[in-house]
Amino acid sequence: MLRASVIVFPGSNCDRDVKTALERITGFPVKMVWHGDASVPASDLIVLPGGFSYGDYLRCGAMAAHSPIMRDVIAKAKAGTPVLGICNGFQILCESGLLPGVLMRNASLRFICRDVYLKVETDKTFFTNTYRAGEVIRVPIAHAEGNYFADAETLDRLEGEGQVVFRYCDKDGSVSAETSPNGAQRNIAGIADPTGRILGMMPHPERLYEDPLGGTDGRRIFESALVSAVAAMA
Amino acid sequence: MKARIKITLKSGVLDPQGKAIQQALGALGFEGVNDVRQGKYIEVDVAGMSEEKARAEVDRMCRDLLANTVIENYSYELAP
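Line by line, the protein sequences give chains A and B. The working numbering puts the first residue of the first sequence at 27, with every later residue one more than the last. The working numbering puts the first residue of the second sequence at 2, with every later residue one more than the last.
Here chain A stands alone, though its shape is the one from the complex (with noise of 0.2 Å):
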């Protein structure tokens, strides 16, 4: 039985979307697990979620990057377990380390909510394999700080290994500085580890997963997930 975690940090509030969207696409049974438990229970996908975990104290993902589950978080991540970093989760991504760079304030200091086009650069991850490749979706982002930042060098490598997952873009998919709401860099909006297990994105696939929310283009990722799972038991 395949089986997934939402790990729960005091501030976390998208924990209930992607439970409901793990359970509805997936079918997955979700374990709701606390940040200060000391170990994930066995998963085939751990997510984190968006939210505001500590307050936003220090800086964003910060201090959740060092609560006790991120412990056995990193530990099950770099044994091979899928991680979905979704917003706050993507920040807590970097500050642990799983993922390079970090998500800074926005370029125009605004907390930005509202539906942005993302060009899907690559379909060979856990999470996107149901996108083709340069296609353009509509998901949602909600955050005051998804301003990626990596030094030249680091993008470069990103950019080499096929680690940039998704990028901010018009609706025909053309990417430039006006297309980028935040001023993230190379405007990305997702990148994951060498493997492709470990994702990070700012936009909430979570938030548009079927019609009554106004799309489905965020319903893929879980499908993907799904599709992953059960190949890796295969």
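Keep in mind that the hints were calculated from the coordinates and are not lab data. None of the values given here were measured: they were computed from a predicted structure. Treat the hints loosely; a few may be bogus.
Derived, one-sided and incomplete: chain A residues facing chain B with beta-carbon distance under 8 Å [claimed, not checked]:
#1 G81
#2 A88
#3 H92
#4 L124
#5 G127
#6 R131
#7 A133
#8 L135
#9 F175
#10 L181
#11 R183
#12 E249
Where is the CB? At the ideal position from N, CA and C, for every residue including glycine.
Chain B: place on chain A using the hints.
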């Protein structure tokens, strides 16, 4: 003993908050403000260790949590 820790953005890292402060200073009539960079100041009170040990501990605190060395530099001084 107190560790007075300063955390600053590395040069080359854009600081939109600093820019906003610079604009506000301009709006208040302050002239000649070339640039503003915003950082953090943290005081940590440590006890029961030698100065040498305290330095090593504070350095590790900075690297492990207080600063993100991808974008930030840190410096500190110890005071009694």
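For each hint, the structure was consulted:
1. Given the 8 Å rule on beta carbons, the hint for G81(A) is violated: about 15 Å separates it from the nearest Cβ of chain B.
2. Here the hint on A88(A) is kept, as its CB sits about 7 Å from the closest CB of chain B, short of 8 Å.
3. With a least beta-carbon distance of about 6 Å to chain B, the hint placing H92(A) at the interface is held under the 8 Å criterion.
4. Evaluation of the L124(A) hint against chain B yields a violated restraint, the C-beta minimum of about 14 Å exceeding 8 Å.
5. Restraint check, G127(A) versus chain B: the minimum CB separation of about 6 Å is within 8 Å; hint holds.
6. The interface hint given for R131(A) holds, since its Cβ lies 6 Å from the closest Cβ of chain B, which is under the 8 Å cut-off.
7. Checking A133(A) against chain B: minimum C-beta separation of about 5 Å stays under 8 Å; hint holds.
8. Below 8 Å, beta-carbon pairs count as interface contacts, and L135(A) has one with chain B at about 5 Å; its hint therefore holds.
9. The beta carbon of F175(A) is positioned within 8 Å of a beta carbon in chain B (closest approach about 6 Å), and the interface hint is therefore held.
10. Below 8 Å, beta-carbon pairs count as interface contacts, and L181(A) has none with chain B, the closest being about 12 Å; its hint is therefore violated.
11. At its closest, the beta carbon of R183(A) sits 14 Å from a beta carbon of chain B; the interface hint therefore is violated under the 8 Å criterion.
12. A cut of 8 Å between beta carbons decides the hint on E249(A): the least distance to chain B is about 33 Å, and the hint is violated.
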